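J.: Sequence:
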Amino acid sequence: MRTLVLANQKGGVGKTTTAINLGTALAAIGERVLIVDLDPQGNASTGLGIDRKSRTSSTYDVMIGERSMSAIVLDTAVPRLWVAPSTLDLLGVELEIAPHKDRAFRLRKALRDFAHDQANLNEDERITYVLVDCPPSLNLLTVNALSAADSVLVPLQCEFFALEGLSQLLSTVDQVKKTL
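Residue numbering for the sequence shown follows the working numbering, starting at 52 and increasing by one per position.
The hints are simulated quantities; they were obtained by calculation from the structure and are not laboratory data.
Keep in mind that a hint or two might mislead.
With a Cα cut of at most 30 angstroms, we get these calculated DSSO-like pairs of lysine-lysine [to be verified]:
no., residue 1, residue 2
1, Lys-61, Lys-104
2, Lys-228, Lys-160
3, Lys-160, Lys-229
4, Lys-104, Lys-160
5, Lys-228, Lys-104
6, Lys-228, Lys-152
7, Lys-229, Lys-152
8, Lys-61, Lys-228
9, Lys-229, Lys-104
10, Lys-61, Lys-152
Predicted model only: the values in this text are computed from it and were never measured.
Construct the complete structure from the given sequences, taking the supplied hints into account.
T.: Quick look at the structure:
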C-alpha cells in the first residue's frame with residue numbers, strides 16, 4: 052500500500068481535484084484506491100458522491116482514536132475507489148489531540164493498522180494506493196498526513212506567491228522527515 056499526500060497551504064490550487072482524478076485514473080487501470088479526506092471542508096467526500104448526512108463516522112473519529120480507518124471507509128460510485136470521509140468536526144481535532152505525544156502520528160498509526168487489516172484479505176482485494184487530501188494550511192492535520200506519506204504531491208499555480216509557499220511546505224516536509 053503506497054500513501055501519496057496532496058498538500059499545499061494555499062487553497063484553490065487543485066489538491067482535491069487532483070486527488071479525485073488521480074484516484075479515479077488509478078482505479079480505472081485496476082488499482083484499488085482509498086482517498087482519505089483530511090480537509091474539514093470535505094470536498095473530496097462530496098466530489099465522490101458522499102452526502103454530508105451519510106457521514107456518521109469520519110476521519111475525525113480516526114484522528115481522535117474512536118474508530119479505525121477500516122470502520123469509516125465508504126464505497127463510491129467508482130469501482131475500486133473508496134473514501135474515508137471528512138466532516139466539519141475536523142476543525143476542532145487539533146485542540147483535542149494537541150496534548151498527546153503521538154499527535155503528529157495519528158494518521159500514520161491509523162494507516163498502519165489499516166494495512167494490517169488489509170493483510171487479512173486476498174491480494175486482489177487489498178488497497179494498493181492511499182491518497183490523502185489535505186486542508187489548505189500547514190496545520191497538525193497536514194503534519195499527520197506528511198508523517199504518513201510515502202510521497203508528497205504539491206499542486207500549485209505558476210505565480211510568485213505559490214513558489215514562496217512551496218519553499219515553506221518543503222521546509223515543513225524536511226522537519227517531519229527528521230522526526231521519523
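J.: All hints, please: hold or fail.
T.: Results of checking the hints against the structure:
The straight-line distance between the Cα atoms of Lys-61 and Lys-104 is roughly 28 angstroms, inside the 30 angstroms bound, and the hint therefore holds. Between Lys-228 and Lys-160 the alpha-carbon distance is near 16 angstroms, which keeps this suggested pair within the 30 angstroms criterion. Proximity of Lys-160 to Lys-229 is assessed by CA-CA distance (about 18 angstroms); at most 30 angstroms being required, the pair is judged to hold. Restraint check for Lys-104 and Lys-160: satisfied, since their Cα atoms lie roughly 28 angstroms apart, inside the 30 angstroms limit.
The suggested pairing of Lys-228 with Lys-104 is violated, with an alpha-carbon distance near 37 angstroms, which exceeds 30 angstroms. Note on Lys-228 and Lys-152: the hinted pairing holds, with a Cα-Cα distance of about 17 angstroms set against a maximum of 30 angstroms. With a CA separation close to 16 angstroms, the supplied pair Lys-229 and Lys-152 stays within the 30 angstroms bound. The straight-line distance between the Cα atoms of Lys-61 and Lys-228 is roughly 21 angstroms, inside the 30 angstroms bound, and the hint therefore holds.
With a C-alpha separation of about 40 angstroms, the suggested pair Lys-229 and Lys-104 falls outside the 30 angstroms cut-off, and the hint is violated. Between Lys-61 and Lys-152, the direct Cα distance comes to roughly 28 angstroms. Compliance with the 30 angstroms bound is thereby established for this hinted pair.
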